[in-house]
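Undergrad: Sequence:
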Amino acid sequence: YGINIAHDQTDAPATKRPPSEDEAGLALIRSVRNKFKWSTLLRRKLLATGLKRMTAENVVGPSAKLLASTRSTRFNEMEYHLPVESGLDVFREVVSYIEAKRRDVFFPIEVRKTAADEGWLSPFQNAPRISIAVHTAAEDSYDWLFDGIEPIFKAAGGRPHWGKLHSLGHNDFLALYPDFQKFIGLRKQLDPDGVFMTPAIARYWEEGQ
Numbered sequence: 001y002g003i004n005i006a007h008d009q010t011d012a013p014a015t016k017r018p019p020s021e022d023e024a025g026l027a028l029i030r031s032v033r034n035k036f037k038w039s040t041l042l043r044r045k046l047l048a049t050g051l052k053r054m055t056a057e058n059v060v061g062p063s064a065k066l067l068a069s070t071r072s073t074r075f076n077e078m079e080y081h082l083p084v085e086s087g088l089d090v091f092r093e094v095v096s097y098i099e100a101k102r103r104d105v106f107f108p109i110e111v112r113k114t115a116a117d118e119g120w121l122s123p124f125q126n127a128p129r130i131s132i133a134v135h136t137a138a139e140d141s142y143d144w145l146f147d148g149i150e151p152i153f154k155a156a157g158g159r160p161h162w163g164k165l166h167s168l169g170h171n172d173f174l175a176l177y178p179d180f181q182k183f184i185g186l187r188k189q190l191d192p193d194g195v196f197m198t199p200a201i202a203r204y205w206e207e208g209q
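The sequence shown begins at 1 in the working numbering and counts up by one.
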């Protein structure tokens with residue numbers, strides 16, 4: 001089951017955005033998980049019943065306002081960007097893994113498609129990609145994202161979200177980004193003394209990492 005969000009350009013006048021129900025919906029899904037974690041089938045039926053009560057929303061406004069949302073529920077997240085031709089197969093494999101081994105997960109999986117661009121470090125360089133994001137509550141362990149989900153993403157040639165959980169380093173990015181070496185050269189030229197280098201990003205930019 002899923003919820004679809006579509007974005008279209010329009011010249012229509014802006015409309016009032018309804019109050020967000022995301023947090024309330026997430027709390028409900030967590031409650032269902034806590035009460036019926038022993039039965040994936042029952043949880044699916046309850047979710048299907050809830051989704052049938054939802055009505056479509058059509059809102060007009062600047063994307064910066066409509067796409068931003070308040071997130072009071074803390075979480076950890078892993079997101080990879082996959083080739084279009086394999087993206088949906090990867091999604092099915094991720095769902096199968098979670099249903100088989102991580103029935104405690106209650107966060108929805110986010111899936112979207114983004115057009116190609118030319119940025120050297122853009123995950124969408126040279127081709128459109130399908131992005132898949134998997135979440136886990138902040139208080140829960142997220143080791144399984146590295147042990148179970150990331151191998152699926154990596155096997156399909158996925159590129160990780162730069163600001164979210166992943167284990168990749170310099171040598172991995174050399175293989176994933178055609179112009180990665182160009183960026184490394186430019187970075188050294190603009191910051192020869194490593195003023196803007198930190199231990200966290202050194203694993204990306206420095207050889208042997």
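Source of the hints: derived by calculation from the structure; they are not laboratory data.
Some hints could be false.
[Unchecked claim] Lysine-lysine pairs mimicking DSS-like chemistry, simulated, CA-CA at most 25 Å apart:
#1 Lys65 with Lys16
#2 Lys37 with Lys113
#3 Lys16 with Lys101
#4 Lys65 with Lys37
#5 Lys188 with Lys154
#6 Lys45 with Lys101
#7 Lys35 with Lys52
Undergrad: With reference to the structure, classify each hint as holding or not holding.
TA: Here is how each hint holds up against the structure:
As the CA atoms of Lys65 and Lys16 are separated by approximately 11 Å, the hinted pair is consistent with the 25 Å bound. Of the supplied pair hints, the one linking Lys37 and Lys113 is violated, its CA atoms being roughly 31 Å apart against a limit of 25 Å. Our distance criterion of 25 Å between C-alpha atoms is broken by Lys16 and Lys101, whose separation comes to about 42 Å. Of the supplied pair hints, the one linking Lys65 and Lys37 is violated, its CA atoms being roughly 36 Å apart against a limit of 25 Å.
With a CA separation close to 28 Å, the supplied pair Lys188 and Lys154 exceeds the 25 Å bound. Distance restraint check for Lys45 and Lys101: the Cα-Cα separation of roughly 20 Å lies within the 25 Å cut-off, and the hinted pair is therefore satisfied. Using a Cα cut-off of 25 Å, the hinted pair Lys35 and Lys52 holds, with the two alpha carbons roughly 21 Å apart.
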